[in-house]
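Asker: Chain by chain, the residues:
Protein chains: 2
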Amino acid sequence: MTERFSGLQLRSTLDQSGTLTLDLAWTTLSSPGPDEVVVQVEATPINPSDLAVLLGSATGPVNLDDLQPVGSEKWPTIVAKVPATALPSMRDRIGVPITPGAEGAGVVVCAGTHAQHLLGRRVAMRGGGMYAQYRMVNIRDCVALPDGTSAADGASMFINPLTALGFLETLKAERHEGIVHLAAASNLGRMLNRICLADSIPLVNVVRKAEQARILRDAGARYVLDSSDQHFEEGLVEALYETKATLAFDPIGGGAQASQVLAAMETAASRDVKGYNRYGTDVFKQLYIYGTLDLAPTVLDRWVGFAWSIGGWLLTHRLRQLGPDGEAKLLKRVSRELTTTFASQYTAALGLRNVLQPDAIRAYGRKATGGKYLITPQG
Amino acid sequence: MTERFSGLQLRSTLDQSGTLTLDLAWTTLSSPGPDEVVVQVEATPINPSDLAVLLGSATGPVNLDDLQPVGSEKWPTIVAKVPATALPSMRDRIGVPITPGAEGAGVVVCAGTHAQHLLGRRVAMRGGGMYAQYRMVNIRDCVALPDGTSAADGASMFINPLTALGFLETLKAERHEGIVHLAAASNLGRMLNRICLADSIPLVNVVRKAEQARILRDAGARYVLDSSDQHFEEGLVEALYETKATLAFDPIGGGAQASQVLAAMETAASRDVKGYNRYGTDVFKQLYIYGTLDLAPTVLDRWVGFAWSIGGWLLTHRLRQLGPDGEAKLLKRVSRELTTTFASQYTAALGLRNVLQPDAIRAYGRKATGGKYLITPQG
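First to last, the sequence lines map onto chains C and A.
All residue numbers for the first sequence refer to this note's numbering, where the first residue is 25 and numbers rise by one.
All residue numbers for the second sequence refer to this note's numbering, where the first residue is 25 and numbers rise by one.
Keep in mind the hints are simulated off the structure, nothing from the lab.
Any given hint might turn out to be false.
The list treats identical chains as one, so a pair stands whether inside a single copy or across any two.
[Unchecked claim] For lysine to aspartate or glutamate, the following DMTMM-like pairs were computed, each having C-alpha atoms within a straight-line distance of at most 20 Å: (1) Lys105 to Asp116; (2) Lys268 to Glu201; (3) Lys298 to Asp116; (4) Lys298 to Asp39; (5) Lys105 to Asp383; (6) Lys268 to Asp223.
Could you put the whole structure together from the sequences, leaning on the hints where they help?
Answerer: Written out as structure tokens, the structure is:
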């Protein structure tokens, strides 16, 4: 085990003045410990949560129209300014190079004494720092992929699949009968649609464009509401009345749509109630914000009674509640249905150096629905 | 049991066109059933929740500057317009006279066969329709007051005391270590302060004026923050850091203060955390909105991570969770400490006819902190 692996690693570093630098470092890994493996990274996705790290933070990303390329072709480097208002919340990352990339897939090229069974296998892995040519991981953070699985198919095995399955665990634990999903044509949304169809769980998909609605309907979705449609609100109430869905997941965060959904739930719930109750119905309505696609304030501008809640939903917290066994059970299902229920689609694949091109950053930085990018670090 | 009791009853009636009529009706009660008593109402408070019924709804009260007196001295009547935007949420009360008054105290003047032990006793009671000279109630909705208790002392035995104690039950059930209370100089807030002092529960009181802060400090409150103070936010973070209070109760609803409190909790929670976590701390922060003093939208405009929740808090729902035994236990304490911990203070007492004077409506309709009115229907 004398071989040492060296390769490129993408870094995002913020300084005191609010300048964010994206560059590549040449790093050499130490020898793996007994429970560790070295993985040659073949594919790693750019998730919205990765973008938040790469480009500043969820609340203070750099201005995509003001990216300065200052490096060479071989060593591309981008500098950009983080808004001053966002700096205080990022003080703990000032001066600390962050290595983005929450998950990925690759081949085990070196394995510790307890991990020899993985040598030569293709694995899916997680833990940050995946935007690199080589990554050392503990075996508890990787899963051997079924034979014949491509790296692209294995690259997004954790975040989206566990999030979608996590939604269903929340549904069960908090005793709701159906789900509303906003920005539902995303990779995650299409995955959730497939799971809910398979498990017969009522799902109300809310999208913002007719073409997104079509994608979901073509995939068999029964309830698809387009918020750009003039009859959106009536349609939403009708779907909520039919499905009794009282649990919503919202990756957008900003704006008034969360409030609109809760109000529609209340209208649906009150339809069969006789008489006047000045406090609203006692049907409990829950909306979870699990992303921040829109950084504008969340505005609650409708009367929804008193039986409601809006809160944050974070995969890490939910997995902790499930415990290792609960999580292992979910991952088993993901592994079994990796190319069907849990398949991801990518707009394009980018080599590590391409990730640092201004045009590419603007493309993946837009976080457009359906626009998901894969990094292939060996390319 | 041939005696029939007749008297005045205040009514609030909305018609199709959005006209709200407040008037008095002469009503005659039937004979009480076996488990019922007739109470001569001596005192009944105007709670914020009563105001919502009296003047329209929580979201669509009438304009206080446009009250038309149309009755006589003996039969005062007020008409006013409910905003058209608020009408849809009130459709179920159109054409139905509502009789406000959630709680009160008085003397039992007639009792059913199973209720003879209450005859001649002064009782506290609840159930709506208390703005009347006589009220029939089931014995399960009334509590005999300790000998020597005045009607004014017994009039507010349910809503505020059970709400304040309900906050503590929520604290225990949801495992928080301290409470933040907004608009904390209200009758309810001063009561909560006394309970928390007695039970050694950390309480952070937030008020909007220096004089309100003084009232609470004079009552022994340790943490009092005045939001009009220029160092309010730092002070709040400091108090939250010391108390570890992660549960807030907000009777205001509208505006950005809910968001400000959650953000201050997150800042306090992150103070001792090392390193950068882009998702915020995992300290769970809860704010409950239990009133709608401000009808403006609730605006969540700060980054508070993902471990947070904002929701409605309604006494009725919480009492249902506690069950009859749990509630009885709380009421026992209230009865024991009625003139100390659970004492209420009133700005003025109004006869039933005075309640329908435009000047009086404007005074009690303002919902100013500390301005609480008592109705004495026999006066």
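Asker: Checked against the structure, which of the hints given earlier come out wrong?
Answerer: none
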